[in-house]
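K.L.:
Chains as they are written, first to last, in our numbering: chain C, 72 to 378; chain Z, 47 to 259.
These aren't lab readings, by the way, just hints derived from the structure by calculation.
A couple of the hints might just be wrong.
[To be verified] One-sided and incomplete, this derived list gives chain C residues near chain Z with beta-carbon spacing under 8 Å:
id, residue
1, F77
2, L85
3, Q109
4, P113
5, Q187
6, V188
7, A190
8, R253
9, A257
[Said to hold, decoys possible] Simulated DEER-style distance windows between Cβ atoms:
id, chain 1, residue 1, chain 2, residue 2, range
10, Z, R120, C, G225, 19 to 27 Å
11, Z, D215, C, G316, 32 to 40 Å
12, Z, D219, C, L117, 27 to 35 Å
13, C, A146, Z, T233, 28 to 36 Å
14, C, A325, Z, C195, 25 to 33 Å
We treat Cβ as the ideally placed atom computed from N, Cα and C, and that holds for glycine.
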Amino acid sequence: MFPADFAYARARSLDEALDLLAESRAAGEEAKLIAGGQSLLPLMKLRLAAPQVLIDLADVADLKGGGEDAAATAAGAATDLALGALTTYRQLQLNGALAAGIPALADALAVLADPQVRARGTVGGAVAHGDPAADLPAVLLTLDAELAIASRAGTRAVALDDFLQGIYTTDLAEDEIITRVRVHTAGAHGSAYEKFPHPASHLPLAGVCAVVRLRYGLIEGAEIAVTGISPRPYRARAAERVLAGAGPAPDTLAAAAALITTLADGRAAGLLGDQHASAPYRAHLAEVLAIRALTRAADRASEGRNQ
Amino acid sequence: MQLPDRDNDIDGVAAGIDRVKVMLQSFALASRTGVVPVTATREVSVQLTVNGAKRAATVPARTLLVHFLRDHLRLTGTHVGCDTTQCGACTVALDGVAVKSCTVLAAQADGHEVTTIEGLGHDVHGARAAGRALHPVQQAFQDEHALQCGYCTPGMVMAVRQLIADTPDPTEDEIRHALAGNICRCTGYQNIVAATLRAARSPATEPATEPEE
């Protein structure tokens with residue numbers, strides 16, 4: 072299988088990448104940015120995507136780096152961590168301090184796609200793709216991730232929760248490039264990711280990430296995010312509210328998990344079903360996985376910072 | 047990729063589908079027309095180091111690395127299995143790291159180093175001149191009869207090389223998880239796992255090197 076014909080250019084800088092986007096736009100051509108290509112190239116080979124211009128970001132230094140200060144955040148000396156958009160899953164996995172500071176991230180990386188795909192796939196690509204069943208966005212949502220996005224107009228910051236809009240739909244404009252993903256790591260040592268994978272695609276039929284922050288044995292706050300069951304990964308804020316101020320008893324965690332498909336305003340989240348799993352089944356999985364994720368996150372939180 | 051069921055359509059799912067349809071229509075209308083920006087080209091010249099030798103060619107931009115290796119360089123040891131990034135038969139090392147060459151463009155590999163199954167034996171103890179020596183992983187596959195039809199074998203060997211480079215003393219569980227991206231249609235996994243354990247314990251196996259980013 073070949074992708075449809077396209078023109079290719081590898082940008083050598085962020086400026087050049089923005090220039091290439093502007094040139095394509097001026098020429099009336101559909102351009103796509105490519106980083107690892109592990110989501111985009113399969114779509115192009117199936118002709119579900121057929122951009123006329125492919126702009127390769129692999130050599131753009133401004134999108135690299137980040138995560139070096141993971142040791143500081145793991146030790147509690149810092150509360151923010153910026154990851155370059157080109158950071159691969161493999162680089163995250165090899166960053167021991169990062170895995171120690173955010174165990175949910177290590178959980179997700181261990182069950183995300185496969186080693187060869189993780190060697191190429193990037194953090195920026197994972198959020199830009201807008202896949203309703205992506206693993207990483209669930210983890211990033213619980214860390215209140217914020218994206219730095221560059222364009223000719225300058226740089227803007229947007230919360231991932233506002234960025235994700237629907238099935239393969241995001242807030243990224245045609246002339247914009249994600250440069251950095253900033254995560255808040257305070258309390259992230261009490262975190263866990265649980266997933267029920269489709270055995271062939273490895274995508275989650277449902278996936279739940281939980282962060283539980285304990286103070287004097289009570290839940291000071293919790294962040295819960297769900298993926299794979301709705302048009303976009305979302306925060307289960309109704310469940311989070313149940314936990315605030317409560318003790319991490321099994322009944323309490325189960326009561327919170329029962330609200331896993333309820334949004335902040337009390338409405339039910341829109342659910343997806345397909346030939347692999349119906350919407351009610353996915354919702355059931357999410358509730359079960361939420362109990363597991365909350366239980367492990369609370370255990371890790373009570374084990375203390377350095378496990 | 048998962049597509050929604052229209053019967054369970056709630057909250058803008060239909061809008062998402064419609065948007066995809068519009069995109070597909072616009073792709074169809076706009077393809078093969080319009081002017082290509084100066085710096086983006088439909089033909090790209092690629093220069094890469096393959097199994098230690100510098101190779102250069104001009105190819106269509108859409109050429110996949112696996113087809114470049116097989117059709118342009120006649121290195122047919124790298125196989126095309128599923129062609130959908132799932133089976134791992136096309137696994138090669140790109141800058142020392144195992145990747146699926148059906149999901150990398152030749153253009154993306156421009157300026158980089160590729161090792162295929164044909165070049166693996168050359169890397170034993172860094173002695174390229176050793177000729178056709180088997181890499182310890184290949185030797186272990188032979189010793190444990192870790193292949194039936196052999197189609198998945200080059201990809202399996204390349205994936206196992208990476209696994210041992212990352213995890214020099216893997217458990218059986220770690221091996222099975224690390225081979226999640228490689229499918230053996232003969233289902234001969236038992237001997238592949240045995241070969242991996244043997245290769246990991248082989249004194250001939252040295253950790254592979256990976257350049258710092």
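K.L.:
Each hint should be assessed against the structure and marked as holding or not.
P.N.:
These are the hints, each one checked on the structure:
1. F77: holds, 6 Å
2. L85: At about 15 Å, which exceeds the 8 Å cut-off, the nearest Cβ of chain Z leaves the hint on C/L85 violated.
3. Q109: Since the shortest Cβ distance to chain Z is 6 Å, the answer is holds.
4. P113: Holds, because the Cβ-Cβ distance from C/P113 to chain Z comes to roughly 5 Å (cut-off 8 Å).
5. Q187: This hint holds: C/Q187 lies near chain Z, its Cβ roughly 5 Å from the closest one there, short of 8 Å.
6. V188: holds, 6 Å
7. A190: With Cβ-Cβ at 5 Å, under 8 Å, it holds.
8. R253: violated, 20 Å
9. A257: Not OK, violated: C/A257 not within 8 Å of chain Z, min 28 Å.
10. Z/R120 - C/G225: 19 to 27 Å: violated, 50 Å
11. Z/D215 - C/G316: 32 to 40 Å: violated, 46 Å
12. Z/D219 - C/L117: 27 to 35 Å: holds, 33 Å
13. C/A146 - Z/T233: 28 to 36 Å: For Z/T233 against C/A146, whose Cβ atoms are near 46 Å apart, the range 28 to 36 Å is violated.
14. C/A325 - Z/C195: 25 to 33 Å: Violated - the Cβ-Cβ distance for C/A325 and Z/C195, about 49 Å, lies outside 25 to 33 Å.
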